[in-house]
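J.: Below, each chain spelled out in residue letters.
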Amino acid sequence: NAGVTQTPKFQVLKTGQSMTLQCAQDMNHEYMSWYRQDPGMGLRLIHYSVGAGITDQGEVPNGYNVSRSTTEDFPLRLLSAAPSQTSVYFCASSYDRKNIQYFGAGTRLSVL
Amino acid sequence: GQQLNQSPQSMFIQEGEDVSMNCTSSSIFNTWLWYKQDPGEGPVLLIALYKAGELTSNGRLTAQFGITRKDSFLNISASIPSDVGIYFCAGQTRTGNQFYFGTGTSLTVIP
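Chains as they are written, first to last, in my numbering: chain F, 1 to 112; chain B, 1 to 111.
In case anyone wonders, no lab produced these hints; they're calculated from the structure.
These numbers come from a predicted model, not from an experiment.
Fair warning: there could be bad hints in the mix.
[As the list claims (entries may be wrong)] In silico BS3-like cross-links for lysine-lysine, where the CA-CA straight-line distance does not exceed 25 Å: (1) F:K14 to B:K36; (2) F:K9 to B:K36; (3) B:K51 to B:K36; (4) B:K36 to B:K70; (5) F:K98 to B:K70; (6) B:K51 to B:K70; (7) B:K51 to F:K98.
[Claimed, not checked] Some chain F residues flagged as far from chain B (calculated, every beta-carbon gap over 12 Å): (8) M19; (9) T20; (10) A24; (11) G42; (12) R44; (13) L79; (14) A82; (15) P83; (16) T86; (17) Q101; (18) S110; (19) L112.
All C-beta atoms, glycine included, are put in the ideal place defined by N, C-alpha and C.
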């Protein structure tokens, strides 16, 4: 069972570069979300989606874009990376917004 | 956003000891979740709580949904080395579209 799959696992970027973090789930979950995890700050919600074609902002959306063209995929785009975006990024999915979220293994991003 | 205060921030205990940690919020929550995160991995759900006063166990783990609906507690009995990791609480309000996470409790078990 694949569950929630995130790629890549590690990435190093230079300031100003762009990239897309991929997230896919095979559980037919409607709700998907992106978090960033920084030391001492727990998990903070970046963006979320309650279904294909619907996205909304979380607590820390600035500098990130998302789209949800299919139920399975929820990519996170950094248009112009900044050192403040150095973090560990987690994607999660759940049956709906009220249900338990299942997490991917994370993407560790460093912006130099 | 909602504020979730989780304590203690870290714990160093001897193998076999019991562990207690808690989480408090500034708002009333309808759902409390407890996750564990191993190094280099994503959080994995341990226990879910849906009702004020609810007490739920999962092996050596027991969690409670506080009666005020603004707090939750996690206890681990007879700790073992594989309990090492970071434990997170998460909560959601009745009308909310997201879960809010605590800052985590880092647990170290000394053999």
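J.: May I ask you to check that L112 of chain F keeps its beta-carbon over 12 Å from the closest beta-carbon of chain B?
T.: holds (21 Å)
J.: Can the restraint linking K51 of chain B and K98 of chain F be considered satisfied, given a maximum Cα separation of 25 Å?
T.: Holds. K51 of chain B to K98 of chain F sits at ~14 Å (cutoff 25 Å).
J.: Over 12 Å from every CB of chain B: does A82 of chain F meet that, or does the non-interface label fail?
T.: Nearest chain B Cβ is 22 Å from A82 of chain F, so the label holds.
J.: Just double-check P83 of chain F for me: nearest Cβ-Cβ distance to chain B has to come out over 12 Å.
T.: holds (22 Å)
J.: Would the hint linking K14 of chain F and K36 of chain B be met if the CA-CA limit is 25 Å?
T.: The given pair, whose Cα atoms are some 32 Å apart, is violated under the 25 Å limit.
J.: Straight-line Cα separation of K51 of chain B and K70 of chain B no greater than 25 Å?
T.: Within the cut-off at roughly 12 Å; holds.
J.: Would the hint linking K36 of chain B and K70 of chain B be met if the CA-CA limit is 25 Å?
T.: holds (21 Å)
J.: Hey, K98 of chain F versus K70 of chain B, does the alpha-carbon distance stay inside 25 Å?
T.: At roughly 18 Å apart (the allowed maximum being 25 Å), K70 of chain B and K98 of chain F satisfy the hint.
J.: Evaluate the condition: distance from the CB of R44 of chain F to the nearest CB of chain B exceeds 12 Å.
T.: Not fine: 8 Å to the nearest Cβ puts R44 of chain F too close to chain B.
J.: Decide, holds or violated, for the assertion that all CB atoms of chain B are farther than 12 Å from the CB of L79 of chain F.
T.: holds (23 Å)
J.: Are all beta-carbon distances from T86 of chain F to chain B longer than 12 Å?
T.: holds (17 Å)
J.: The output says G42 of chain F does not contact chain B. Does that hold with a beta carbon cutoff of 12 Å?
T.: Answer for G42 of chain F: violated, closest chain B Cβ roughly 4 Å.
In summary, the numbered hints that this structure violates are 1, 11, 12, 17.
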